[in-house]
Structures are given as structure tokens and as C-alpha cells.
Amino acid sequence: MLTCFCCKRFYNLNERKPILLPCSDVFCQQCYNIQKDQVQNQQIQCPFDAGHLCPIDQPIMQPLFLIRNLENYRFYLIKCDEHPGEESDFYCRHQNKFLCHKCLLQDPHQHLVADPSTHFDFDQKFLNESFQQMYSAIDDQIKQNLRDKNAYVQNYVFNFSQYFSFNSYFRPTFRQINYHIQEQKAKNAKLEADTINKIPEQDIEKYLQFRRLVDLQILNNENKPAHLKSLFKIKGNTRLLYKATRDKFKAASFHEKCDNQGPTVSFILSEHGQVFGGYTSLSWSSPLNDERNIDSDAFIFSLSKNTIHQQYQHFDSAVCHKSERLMLFGQGCDIRIYDNCNNNSKSYCNLGYTYMPPYGFKKGDQQCQNYLAGSYEFKVVEIEVYQVTL
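Take the sequence shown: its position 30, counted from the start at 1, is 79 in my numbering, and no numbers get skipped.
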């Protein structure tokens, strides 16, 4: 009721005094003057109904009911903090409080006598000017906020468009990578199913434990459960070269798959359920006669017992190559795996000749001979050899 329909601002008794048109509609003096200055057909148009027109020189009237309400209306009424029933007449800068006349009667505020600037009266003109300044500051802040929001939205739209373009460009690549990943998962699942079918029933639980321990070593950190730790860290990516249940337990098959492939790590499952193996940084080869090799990076390990065994003597026989067997680590055959090792018990382990035995063990005794595979001589249930790409 107290706001102009055109400018949406409060009526007052000055420049925005309400004006009554001949059609009985009301808007403010300021809006009337603006329209009067811009009119070209000597007629004023009603803001409510464009069909209502009145001559520009027709006398205008004031809506007395609105005028009387404006005269009695206190736009900036502020109540006293101490006396809520009273209107505030003063503001004390010293106490940072609104005061009424009762406050000054109870507490004369001696600092007012020494420095009158500590108080100022509330009057309509002062408040109008103050609020006008506030309107301007608030308007500037709103405009700045809108500019900031607009910049944020534009930046968001730009980033989204960049992401959309990137995603659209690489989508075929992502789709192809995902296809290969799913294809590899399917191949791995089929390989595991085929392996289970080939392994004797009494060895299935041993194989499942082998699978868990080997995967723990070859899986990268992103795919490994946080609470599980590897026995040793493989520096590089791994790729399965040879799997005995798939490629046969033949020395020829082993060398066909593993020779000249660079560094490898081998995992062996014995008939006693023990999982062990060795790492060499040298490529496997197939000489007719025994070939001893120095490999300072080579070591052997037991995943079942969670131990690593480094070289401590006979370094010239870290790894030995020969075409008629699969692999040999150490001079005294710390690990020696023979051809057709799943059907015979010729393969054996004799820890302690090149690679350090556990503390308190002596090379040549039964403890050292049984440590890796569970017995001195044994059959092999599974072998996996992985290429390590540095």
C-alpha cells in the first residue's frame, strides 16, 4: 500500500509523494514527472491500465488518505534497548547503545558534557541520508556479488565444456581400454577354471593358497588391500610368461616361454603346499652344459614362511642355466627344478650353499633341506614365471 507500483519504492512526503490520476489510480510524483518529461502525445498513461490516458495539463490531486498515513508512519522506528516501550532518540558512540529520554534521566552520561560528538540525535533527515548511503553501498555489493557469481558460473561452464570435450575425444580410447581389461579378466578367470580342473582334488586347497600368496606379490598397490603387505617389492610391471599347468612341466616349454625375456620372478608350489621361488635380473638361456652366472640382484624366498634369503657366498653361482632342466638357484642347488617335475621327485632344495639360511640353521642339515619345499625332494604342483619390466 505504501509503495509505488511503478518504481517499487516507498512513498514519502517529498519527491515520491503519491499522485492521484483522474482514473483514480495512484503512483508517485517522481514517476509522474519522468513520464511527463518523456511524453510525446500530450497524454499521461496510467501505470495499471494502458488504456487509461489523461491530458498532460490536467490538474492532479493528492490521495489524502495516503498522505495522512505517511505523515503518521515512522519508517525508521528503533526501540530503546533498556526501555522497549520507548523509541530511541539518541545513539551513544561511547557505549555503542541506542538511548531514549528515560535513559538520560537515569544516567546523564557525563562524557556527553565533555564531548558532545559522542552522541547524535535521530532525525528523519539524518536517517534518510544514512539509509540512502547504505542503499548505494548495498547496491554496489550486490552488483559485485552478481559479477563474482557470473564469473564463477562462466568458469564452471568453461571447465565443464572442456571436460565434455576431453571425455568425447578420449571416449573411444577409454572404451577400448575397458574392453581389453574386461577381456583380460575373462581370460584370467578361464585360466583359473582350467587350472582347477587340471589339479588333483587333494591339491586344490594348496593351489588356492598359492594363488593368494602370488597375487599378493604381483598386484600393484592400487589393487592391493590396504591391510596386506608384500614380502618383497617388485620394481616394475609383471607379465605371466610361463604357467606349468597350462604350458606343461617340460624344460623345453619353460625355455621356449622364458628365455631372453629379461628379469623374471618365479613362484613354485610343492606337493606339501609350500610356496617359494626366486628372482633373477638375468634372462634365462638354454646351454647344453651347466652355465654358472653372477647376478648380484638375485635372491630366493619362501612366501609360506614369509622369508627372503640373500646371497652370502659362492656368488659366481647365483643362477645356473642348462637346457635339460627348468631352473637352478645357487651352487649347492638351493633350488633345483627338473624336467617333468610334476610326475617325479627329482627336484630338490638344499638351502644354505649360496643363499643365507634362517638364523640357527646349518647348510646340509635336514632343516635347511626341508625349509623351502617341505621336504628335500618333492613333486611340483604349479610353477608361474613372470617377466619384470623395469
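Wrong hints could be hidden among the right ones.
[Stated by the list, open to error] Estimated spans, in silico, between C-beta atoms of each pair:
| no. | residue 1 | residue 2 | range |
| --- | --- | --- | --- |
| 1 | Asp-86 | Thr-52 | 17 to 27 Å |
| 2 | Tyr-205 | Gly-134 | 48 to 58 Å |
| 3 | Lys-278 | Asn-246 | 44 to 54 Å |
| 4 | Ala-200 | Lys-239 | 32 to 42 Å |
| 5 | Asn-208 | Lys-239 | 41 to 51 Å |
I should point out that these hints are in silico values taken from the structure, not numbers from a laboratory. For each residue, glycine too, the CB sits at the ideal point set by N, CA and C.
- Query: Looking at the structure, which of the earlier hints fail to hold?
  - Reply: Failing hints, ascending: 3, 4.
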